[in-house]
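The lines below spell out each chain.
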Amino acid sequence: MADPRFFRRTGPFRLADLADQCGGELATGVDPDAEIVDVAPLSTAGPDEISFFDNLRYKAEVNASKAGACIMQPENTVHAPKTMACVLSQDPYRAFALVAGRFYPDTAPAAGVDASATVSDSAVLGDGSKVCAGAVIGAEAKIGARCQIGANAVIGDAVIVGDDTIIGANAVLSHCAIGARVVIGPGVCVGQPGFGYVIDPGGHHLAVPQLGRVIVEDGVEIGANCAIDRGSGPDTVIGAGTVIDNLVHVAHNVQIGRGCVIAGQSGISGSTRLGDLVVMAGQTGLAGHIKIGSGVQIGGQSGVLSDVPPGLRVMGTPAKPVREFFREVAVLSRLAGKRKRT
Amino acid sequence: MADPRFFRRTGPFRLADLADQCGGELATGVDPDAEIVDVAPLSTAGPDEISFFDNLRYKAEVNASKAGACIMQPENTVHAPKTMACVLSQDPYRAFALVAGRFYPDTAPAAGVDASATVSDSAVLGDGSKVCAGAVIGAEAKIGARCQIGANAVIGDAVIVGDDTIIGANAVLSHCAIGARVVIGPGVCVGQPGFGYVIDPGGHHLAVPQLGRVIVEDGVEIGANCAIDRGSGPDTVIGAGTVIDNLVHVAHNVQIGRGCVIAGQSGISGSTRLGDLVVMAGQTGLAGHIKIGSGVQIGGQSGVLSDVPPGLRVMGTPAKPVREFFREVAVLSRLAGKRKRT
Amino acid sequence: MADPRFFRRTGPFRLADLADQCGGELATGVDPDAEIVDVAPLSTAGPDEISFFDNLRYKAEVNASKAGACIMQPENTVHAPKTMACVLSQDPYRAFALVAGRFYPDTAPAAGVDASATVSDSAVLGDGSKVCAGAVIGAEAKIGARCQIGANAVIGDAVIVGDDTIIGANAVLSHCAIGARVVIGPGVCVGQPGFGYVIDPGGHHLAVPQLGRVIVEDGVEIGANCAIDRGSGPDTVIGAGTVIDNLVHVAHNVQIGRGCVIAGQSGISGSTRLGDLVVMAGQTGLAGHIKIGSGVQIGGQSGVLSDVPPGLRVMGTPAKPVREFFREVAVLSRLAGKRKRT
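Chains A, B and C supply the protein sequences, listed in that same order.
Position 127 of the first sequence, counting from 1, maps to 127 under my numbering, and the rest follow consecutively.
Position 110 of the second sequence, counting from 1, maps to 110 under my numbering, and the rest follow consecutively.
Position 161 of the third sequence, counting from 1, maps to 161 under my numbering, and the rest follow consecutively.
A hint or two may mislead.
Distance condition first, Cα-Cα at most 27 Å in a straight line; then the derived DSS-like pairs of lysine-lysine [stated by the list, open to error]:
| no. | chain 1 | residue 1 | chain 2 | residue 2 |
| --- | --- | --- | --- | --- |
| 1 | A | Lys130 | A | Lys142 |
| 2 | A | Lys82 | A | Lys59 |
| 3 | A | Lys142 | C | Lys291 |
| 4 | B | Lys142 | B | Lys130 |
| 5 | C | Lys320 | B | Lys320 |
| 6 | C | Lys59 | C | Lys82 |
| 7 | A | Lys130 | B | Lys59 |
| 8 | B | Lys59 | C | Lys291 |
| 9 | C | Lys59 | A | Lys291 |
| 10 | B | Lys320 | B | Lys291 |
| 11 | B | Lys66 | B | Lys82 |
| 12 | A | Lys320 | C | Lys82 |
| 13 | B | Lys130 | A | Lys59 |
| 14 | A | Lys320 | A | Lys291 |
| 15 | B | Lys59 | B | Lys82 |
| 16 | B | Lys320 | A | Lys320 |
| 17 | C | Lys291 | C | Lys320 |
| 18 | C | Lys320 | B | Lys130 |
By construction, these hints were calculated from the structure, which means they are not laboratory data.
Keep in mind the model is a prediction, meaning the values are calculated, not measured.
With the hints as extra help, turn the sequences into a complete structure.
In structure tokens form, the structure reads like this:
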């Protein structure tokens, strides 16, 4: 499936091994020794490939699929062709992701510092870490073990990077502490001063010293070309396991909880706090100094102007409960339709 | 007109040559040998400069203009002063662009690899290509002929770049194949993994291996600081001749047709497909897994949540036909006005 | 307060010196020789630290604070504990910013060109300027005195940079003249060609030569990963003292006045002109070819489609006076509520 110029495949694997790998079980009668060579979508998979099925919308596809094996929930095996080896899992997509990771494991590049990189004498570099061409690492910076510092990335003085963390090419880090197993995309800027000014009616705005940091906890992933400002005094914090898409803006003093999901081009204004497991769809904006409760889900392009209690699903600008939003959309559409006819 | 520190002007040219260049014809009585030294807007052009006129809003300006020559449609010559040499064209703006390109041609820099660049021994570089200072080109990368790789740009392993393509300074390319005559702006990131996770209610989101590529077809132009993710299995594809403005986000598996125009800060969510010649105004957002028909035009800041049939003009969030959008705007405004009076 | 790994604190200072520094006056009975060692927020400040108080919402906090000194308006000293040394100022936040700047002054790095930087022989570098690792400075570029050119930043041919200006790491400048005391954030792209095409119904869009520049006047500050296009013929201009947040898009020919405040992810379309002191909240979009009067304030996520007269506060898409916007929001909400009950 994957282009061998970019992705190195391993395997083949016995089907039983793959089931073990992903916490699945072989359906009755399935040959545990069947040899599987790759992952593939239902529509293109062949007899020696494994796919997954977790959405009844695709039941015709699974029925027509030539996939040799397929991960699915036990109750869905009725939709599978007889020749398909079913691997049973309560969470087929997760299981498939694990199997795909088996065929295409992350391969750590050879450790070492490229001759064209500039690493300060006072920087510390953990065992097994790789510093790519043109990267710059400042004084007193501490890079953990098995890290990858991308080409032309810039790590500022005294920045801390935890173990097994990947910093993308051309990323810029300053005034921050990055956890372990973090992935920071290419072009991301972390730790520049926040947008803090004393606004002057005459136009001589005064920049307020931004004396905080950015704390990025373990397991966070940040997409390409994001901008995460450091705090003004307090820190900007991104909680463990939170994942952030491309081109997202996080202002100073923002505190994001654990396991949040923040889609592309969203923006969070200064000093706003998010609980855990908040989901922001694309192009969402949060006003400053507000609190978003844990588990809140925010629809695309919403503008949230005030606090949202935990668990609510909101949409629109100003954001309101999703049901209200769509009721208003419907009411307005009806009213405009009426006006047109009269 | 243009600052000579940044732009090198050629010429002068005979008016007849310029007319040939842009597919125009000289109006009756115009001296084909008149010497033209530069392009300029109507308001500032002098007797040895050429301008264009294609919008009746500016008929007073053309009438008062001192431009020696002016490109316009035949029916508009009545607005020109008698001394103005009219060059007739059905598409004056296009003709002007061609003439401007004649005076200010793209100048290919001298070929060669800057001493500070890092080019893998296994990379292939076509004839006449230039690799600027600090650029990094990975193993097995194939760069075509007459390309320009900007300063500190990073071209990942095995990336393919077609002939006559320009990669901006500090751009980052990986897992992609770029066509011929493509222009990629500074700071653009192409080919990083898409935002694909198995979302876990406990917050332990699992990154799904992203095994696709980005395919950028011939003649595509991409603005500054965009982010184009690679596919999860299928490829992300940008069709031939499509032009993309700054800070645009294109998620994994998106397929964009030919000749689309995508304005600044727009975002396209995962697996959405655009036909040909789609126009997205600024800050537009498209939901994931939808189909936008060929020729669709989407107003600024719209949020498109579902399929749009070919040729429709839509606006708003959720997007609806433009006329309906503005009718709703008017109805709501009237209703709010009424409420206020009572 | 601030992490000493990232911020170098000076002091201590006599309280009278700090009052002088910020234009404040000591309240009656305050010891001018009290030694102050740091700035801190009211909630954490100790007896040898100085804080500020300018919002009655926090009067309980100031009353409970252990801060040794606090800057506030004269009428607010009634809320201060007796032991607190009050520094009187009509603008406590500005005064505090100045005091914070005293404790944590911007420290110019040692001048010089890093061995890994690539500086053209024909470039001119002012006294006291620092060029960091991997930076690239093109032919005929002129960099002023006491500038900082960040690591891996790229300064194109003939670019002009004024005195005391800071260019962030991985920023890319071309075709522009940058004033004095400007701060350009990391990852910012300035001067790339604007998004100007002759749109062709067949999809063969023709790029129009972009022959203008970007002029960034004195004292401008630009956040991370912004994109500022050069003009098509006229220049793109950012007026003195204007401050711009992260990920902002400024299209070709835009003219921004003096002292504007443009928050994160906002976008300004081509040829639009802003007066002085315009405020754009986050994710705002301006259509092309419109005029925004001086002192206009635009609410978050607004889409401004037509001219706005000076001094107006607007919100929504299409933008309208803020009061109207919120009246419409209320009316629609009431109508939808009614519909629901029937």
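Each hint tested on the structure:
no. : hint                : verdict
1   : A:Lys130 / A:Lys142 : holds, 13 Å
2   : A:Lys82 / A:Lys59   : holds, 14 Å
3   : A:Lys142 / C:Lys291 : violated, 50 Å
4   : B:Lys142 / B:Lys130 : holds, 13 Å
5   : C:Lys320 / B:Lys320 : holds, 21 Å
6   : C:Lys59 / C:Lys82   : holds, 14 Å
7   : A:Lys130 / B:Lys59  : violated, 64 Å
8   : B:Lys59 / C:Lys291  : holds, 22 Å
9   : C:Lys59 / A:Lys291  : holds, 22 Å
10  : B:Lys320 / B:Lys291 : holds, 15 Å
11  : B:Lys66 / B:Lys82   : holds, 11 Å
12  : A:Lys320 / C:Lys82  : violated, 46 Å
13  : B:Lys130 / A:Lys59  : violated, 52 Å
14  : A:Lys320 / A:Lys291 : holds, 15 Å
15  : B:Lys59 / B:Lys82   : holds, 14 Å
16  : B:Lys320 / A:Lys320 : holds, 21 Å
17  : C:Lys291 / C:Lys320 : holds, 15 Å
18  : C:Lys320 / B:Lys130 : violated, 51 Å
Going down the numbered hints, you'll see the structure goes against 3, 7, 12, 13 and 18, while the others check out.
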